[in-house]
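Chains as they are written, first to last, in this note's numbering: chain P, 140 to 512; chain C, 109 to 526.
Be aware that a few hints might be false.
Said to hold, decoys possible - Dumping the calculated EDC-like pairs for lysine to aspartate or glutamate here, alpha-carbon to alpha-carbon at most 20 Å:
id	chain 1	residue 1	chain 2	residue 2
1	P	Lys414	C	Asp200
2	C	Lys390	P	Glu267
3	P	Lys414	C	Asp491
Said to hold, decoys possible - Pair ranges (Cβ atoms, derived):
id	chain 1	residue 1	chain 2	residue 2	range
4	P	Asp477	C	Lys175	29 to 37 Å
5	P	Ser407	C	Glu171	28 to 36 Å
6	P	Asp477	C	Pro433	32 to 40 Å
7	C	Met505	P	Leu424	25 to 33 Å
8	P	Asp477	C	Gly177	42 to 50 Å
9	P	Gln148	C	Gly432	55 to 63 Å
Treat the hints as calculated values from the structure; they're not laboratory data.
Predicted model, so just to flag it, every value in this text is computed and none were measured.
Glycine included, each C-beta is placed from N, C-alpha and C at the ideal position.
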Amino acid sequence: MKFSFSEEQEEFRTALRRFLQAKSPTTEVRKQMQTEQGYDPAVWQQMCNELALASLHIPEEYGGAGFGIADLSIACEEMGRALLCSPYFGSVVLAATAIREAGSEDQRRQFLPAFAAGETIGALCVVEGRGGWAAEAISMVAQKDGNSYRLSGDKSHVVDGLMASVLVVVAKKPDGELGLFIVKAEADGVSRKAQASMDPTRKLAAVSFSNTPAELLNGDNASGAYERTLDIALACLAGEMVGGAERLREDALEYVSMRMQFGRSIASFQVTKHKAADMLLDVELAKSAAYYAAAAVDEGDADARGVVALAKAGASDAYIQTAVHAVQMHGGIGFTFDNDTHLWFKRAKASEVFLGDANQNRERMLQNWGDDS
Amino acid sequence: MTTMTEDEVRSQVRDYLEANWDPNRGLVEWRGMLAESGWGMPHWPKEWLGRGLPLGMTAIVDEEFNKFGAIGAAKMGIRVLAAATILEHGTDLQKQKYLKGIMTGEETWCQLFSEPGSGSDLAGAATRADFKDGKWIINGQKVWTTSAHHADYALLLARTDWDAVKHKGLSYFILDMHQPGVQVHQLKQMNGHASFNQVFITDATIEANMQVGELGEGWKVATTTLMNERRGADSARRYESGTDRPERIYEEERQEIATVMAPYTWYPQRTGRVDLLIDQAKAMGVWNDPDIRQEIAKTLTIAKSAEWTARRARAASQAGKPQGPEGSIGKLAASIVARSANLTHTKIAGPNAMLTGEEDGAGGVVAEILVSTPAISIAGGTDEIQRNIISERILKMPKENRTDTDRPFRDVPRNQVG
């Protein structure tokens, strides 16, 4: 499955692309990105009810569809292509995955069905500063409170954090080990505010906790749960990014094919053709890595962790490079707000550093590469 | 007079300023006096508000003004290009009517050359000028016009002959912007600023005597404007801030500068702001991160090399040596520097590159860099055009075969706009 999709997967992609073409044209993207909530709840409901998108990678015993990460990544790729404004990445890819990976049997039964139905929107709170999403950069420590815990401190860059009702917080347990904690958004001591995001189609929040009651996700093998969550998220983000890059590439090609200067199509200039060819190369290489990475996670490859990091590093470079070329191919009009190119440019820019930049993921890749890892 | 020595010029300027400079005068009143004396634009001809000094002497005059704290003629914006073009190609009537208002700053100008369908291909302008009942009737659309929203007059390039070949069918006009047929719309950029305008022209009129140069010679006249623009851009665009002195004339100048410079506040950011990299890395606590250090070093390497290339070109020109290739690669190098600086700022900012405005941790400057650098490789000649200039003019490589200059313009394929 690493090198081709099944017929069912192709059909799924086609249906989703058709849905998103109808529900997420750029007129709608521009409308949603200006709101604080940042998405259309009616579209979210259709996504969850009609297409069961929130349930894809949630096991059947917890109300999900029981599909793999490759399927989840296809969904992300199509959403990235359409630049869908939705809490999908924050809720389904990050929060639900964290509960799936870190929760006990009881906790999964308790939380995941509502995630799978799209009734619960969640968010994963990790970042505390410049350290980003690296586990070693987390310094928040949970305090024991009887059988439960209390959290105090600040998290930022929380994707879809403002609309979430369930927060999964990554913090240290009193023993210094990493833990994932469930916090109800309306719990005591939680305060949230929107952060002004470079990419207005993806909403970010700063979330503060002050002696807030929290429940530890205490599955059997909790220690690696955050890393596994990150692996899945990196694979999905790489998918989302190559979807956006491909759309930019196609739109730029369409524009140069239509644009005349010096009495001829600017697509007939060799410099334009070579740039278009380079863009195809960048996008296709990044797509191959993204597809391979998602399948490697599904198949439990020993080197999956290195491979997903490779895919994200590749996507970081390819997406922003494609966006820079796409603006250039549009010329001056590509730098205007009314032209749609900048919407993807900003997603590319924000995605470049989301879950770690290319350098950080290349380092993560090498630390998990080969026999010595 | 034109053979005056530098010292003679200096002493004459000083005598004039000692006798006349008074910071409590109004800006326009003072510049009116400069126009009469010829010291506002000393390189203009004596009969047209100047003193007929060689262009090289103007720097000396400026120096004396600066020593005195005296304000000179209005020189910002398109006005200097308008003046240069009118002086070279305009009629006496046009000189009489416009030069003084240009010099005093009372009247503001814009340039209506670029069109949605003619960007890199400026001579492909398709705005129409049709002669009817003794007047020119103008129809078309212009774009990338700075200051159009408060301009009084425009330098207009329009097509008067559709049967002539491309460069021979254009004529050059002065358009009065204050008329119902001229509609100006601001054009917002991806970085949120609105520095340019679109200008929609519908049955606007121009008197027959406001054509500049001969009919069909518009491209030649426009070349004068563009050469002056390039000269102005080359002489290191200053980001003027005026002085903080309290007298009336300085206050009026500050207001003028603020109005003219308003569209350009983000311009420093489009260069990538290499100057901020090290301080930002320290502020974000990543100055000791070896990855980040490599990125900064790579960006600094090309930025410094580009700066030294520009200085090498200046040194050669000052020594009177012929210009080598180093004089032509600056614009392209600036694009590469800006792109590299953008990526390095992104890596320094880390997760904060996802934020905008004040939340970027640098007062919004870094966030503005990240969405402004694409402009540098488009504005003022795209990277693609720069590469053509380098390969064809410097390296003498053969030009592309052209199919747009050998036939009547009406037969040249082009996009229909509007």
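A quick look at each hint next to the structure:
no.	hint	verdict
1	P:Lys414 - C:Asp200	50 Å, violated
2	C:Lys390 - P:Glu267	18 Å, holds
3	P:Lys414 - C:Asp491	12 Å, holds
4	P:Asp477 - C:Lys175: 29 to 37 Å	48 Å, violated
5	P:Ser407 - C:Glu171: 28 to 36 Å	52 Å, violated
6	P:Asp477 - C:Pro433: 32 to 40 Å	38 Å, holds
7	C:Met505 - P:Leu424: 25 to 33 Å	31 Å, holds
8	P:Asp477 - C:Gly177: 42 to 50 Å	45 Å, holds
9	P:Gln148 - C:Gly432: 55 to 63 Å	59 Å, holds
Comparing the model with each earlier hint shows violations of hints 1, 4, 5; every other hint is respected.
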